[in-house]
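Single-letter residue listing:
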Amino acid sequence: MEFLLNPYYLQIIMFIIINAILGISIYLTLATGQLSLGNAGFMSIGAYVSALLTLKVGVPLYVAVPLGGAAACLMAAVIGIPTTRLRGIYLAIATLGFGEVVRVIILNLTITNGALGLSGIPSMSVMLSKGITVIGLAAGIGGMSVRQLGNLSVILILAIILGLLVFFALRLSTSRVGRAFAAIKADEHAAEVSGIDTRYYKLLAFFMGAFVAGIAGGLAAHITFYIGPKDFAYHRAVEILLFAVLGGSDVVWGPLLGSVILTLLPEVLRFATEYREMIYGGILVIMMAFRPQGIISEDTLRFWQKKITSKPTISEQKEISRRTTR
Amino acid sequence: MTLVVEQVTKQFGGLMALTNINFTVNSGEIVGVIGPNGAGKTTLFNLITGVLEPSSGEILYKNHSLVGLKPHKITELGIARTFQNIRLFDHLTALDNVLVGAHCRTQGGLWQGVWHTRAQQREERNTREKARELLDLVGIGEEESSLAAALPYGKQRRLEIARALASQPNLLLLDEPAAGMNESETDDLQVLIKKIQERGVSIILIEHDMGLVMNICDKLVVLNFGKKIAEGVPQFVQDHPAVIEAYLGKEEE
Amino acid sequence: MFWQQMINGITLGSTYALIALGYTLVFGVLNIVNMAHGEIFMFGAFVGLILATKFNIGIFGALLGAMVAGAGLGYIMERLALRPLRRRNVSELAPLISTIGVSIFLESLALRLFGPQAQSFPSVYSTQLFEIGGLKISAVQILILAISFGLMLVLRFWLSKTRLGKSIRATAENIETANLLGVDTQKIIVLTVMLASALGGGAGVLVGLAFNAIEPTMGITMGFKGLAVLILGGLGNITGAMVGGLLLGVAEVLSVAYGVSSYRDAVAFGLIIVLLFIRPQGLFGSQEQQGGR
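Protein chains in written order, with the working numbering: chain A, 1 to 326; chain B, 1001 to 1253; chain C, 2001 to 2293.
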């Protein structure tokens, strides 16, 4: 029990969940076939805005984080509006540049403290620990200290947020809007001619991705108590991309798997830390060459669905009946 | 008059894809657009559906100008199309493909979709019912759960038609629907097109299969090198010297 | 003062133009943006540096070595990351993502091989200053201008007059038709990628000379600027890349001279956002080229 409650492991779990949320942010945009390389930038906006709100203005956490997400959306509009009517490559390039520019701006503004970053950000864990003390559990429960309870509560909250996002993504995929997304991803032109306002939906997906990335940033800021421009560089954006590319970009479970694997990988492969980026690069190239849809794809789900229900599909049923009536 | 194409010209740089095209489609008509390859037929479809804008001229649909409108708006107004080289949503099921076609006739927004409101559930049921009806109409009802990419060619063509019909069009543009079909498949297609006409949909048909064209078209428009060289009932056009020349070349003296 | 800045801007801009040309050539024949181009450029700079310092080869040798290194990297990238994708039927995004992978790989490799600190070329050329009509121009600047414009002119001539050049243009225009006409498009693609990468490598040395500092992370910043020029000039448009590069160089230098120096790197980004709003096809692109197909 003590082993599991080791604060280091707890923090890893927190990072896995944050990365899973980031994975969903890029999944949402990829669902329309768009590649956004700016999610690290949106994350940084969410992080800085919510951190500054809690640190300097004393805004409560549950208001600051959504506001961070909203700020990210605002910036997303600047890039998204001109590019969603154009080919996908424009969005990719614009978001790539956006990430860079956000970094430059953060480095230069005094309010963001430049290269030094913001420290002393109110910690979510501490806030929750205080809350637990307030409701009378200052001595802890079942051998766990208030601090450990605080950390566990953070994980609980993160897990709930992640759960809500997964629920959202699943419901989305079977809805009319989700179908529009899938159509745009499959063949944008055919989708347009079939009556879908592709520009609106592409923008919508892009906003959703930016918002979720901003939320992830806000949450992360209050878990690590310090954020600096280096945390959100181009590499972060590529890492987020990697969650979806490795885990799978078709279904929401893909980025979840990807984030688990890629957050744990550096821990497991301690000896290869210096080669981490090279491994990431290699993974991207290899995945694109051999399995571009990622580990978990729609076909994977369908395959397992059939195995579990072990009911033949309609065409298989026809085949069986045709064979038996010969 | 459902559709009026008036003095439409389309120019790509120095190339005149279409020059001064004029014709009309009346309500409930099946109009065939024929001509050798490269005559500009698909370009004409692209102009009507808003994919391209005419360099000059006017396209009126129920007295409403289509020029400058975005393709999805034109679909909303009631014009749908199929493609020469099938463009289905490969990894979606047949049913989903048709449901996408019905997109502009339904409302469900983001929140309704996520929270499964009563209204949204009702709308989903209705849309699915209508989609199944269309799949039955084109004869692939049993394939609703099959992936579009897994269907044989003939069924894919019919699925595309079902998808187009899902947007409840008044005018349906079919781009070489019989391409690659054998005789019996073409006969089935003929029956299907007639059924669609009976539902009150006007049809413009680009086709190379002369048998099909002669059988079902009320009127033919013949294009060659971007110009209209003949228009009229099939029998008239069949014997028209300019048409014969376009297809077979001039007789050696 | 203004004209002095113009000279600086055009010198800088000519290097941007060279980088952009690399992107343009690859985009022309493969219809993809090679996101690793910036890293190839960076590698060229380092190879040139090593040749100039460790092996004491003169600046032209270093330049040549950098171009060869660039071409080599381009070849490997084409074989390993791009060609396998052409066999399958993948979306437009797959090669893009693949080249992103290559870029990350190369950048990390460079950090391991060369270390993170900035290094500079021996200052043999940078100290010589000439004065023409009241304007100061250094030997390095003259060198950069001469080589960049020289390369651009040679490229232009080569593309329009030679058989190989025409094959490249044919492949860029319509790969199927080029195939039918007997062009070995596979070979042309490899050649174009190598050529583009050679230009990138060479640009690396020139930028290294211009800024007197090279470091492994410069691939990302310069890479993005090249992309900005790509959009500025119009995707796939060679003249656009050349003119656009010069424009960006001048814009950046002017922005430093007239106030907003710390946001210099953001000028490129700002420029493309504005462009995407009002004229996405860039200065020289045609209307029909954009739009979601």
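By construction, these hints were calculated from the structure, which means they are not laboratory data.
Just so we're clear, the structure is a prediction, and the values are computed from it rather than from any experiment.
Please note: incorrect hints may appear among the correct ones.
[To be verified] Residues on chain C that point at chain A, a partial pick, calculated with CB under 10 Å:
no. : residue
1   : Ile2057
2   : Leu2096
3   : Phe2114
4   : Ala2118
5   : Gln2119
6   : Ser2120
7   : Thr2217
8   : Thr2221
9   : Ile2231
10  : Arg2264
Heads up, the beta-carbon is just placed ideally off N, CA and C, and yes, glycines get one too.
(request) Sort out which numbered hints this structure fails and list those numbers smallest first. (result) Hints 1, 3, 4, 5, 6 not satisfied by this model.
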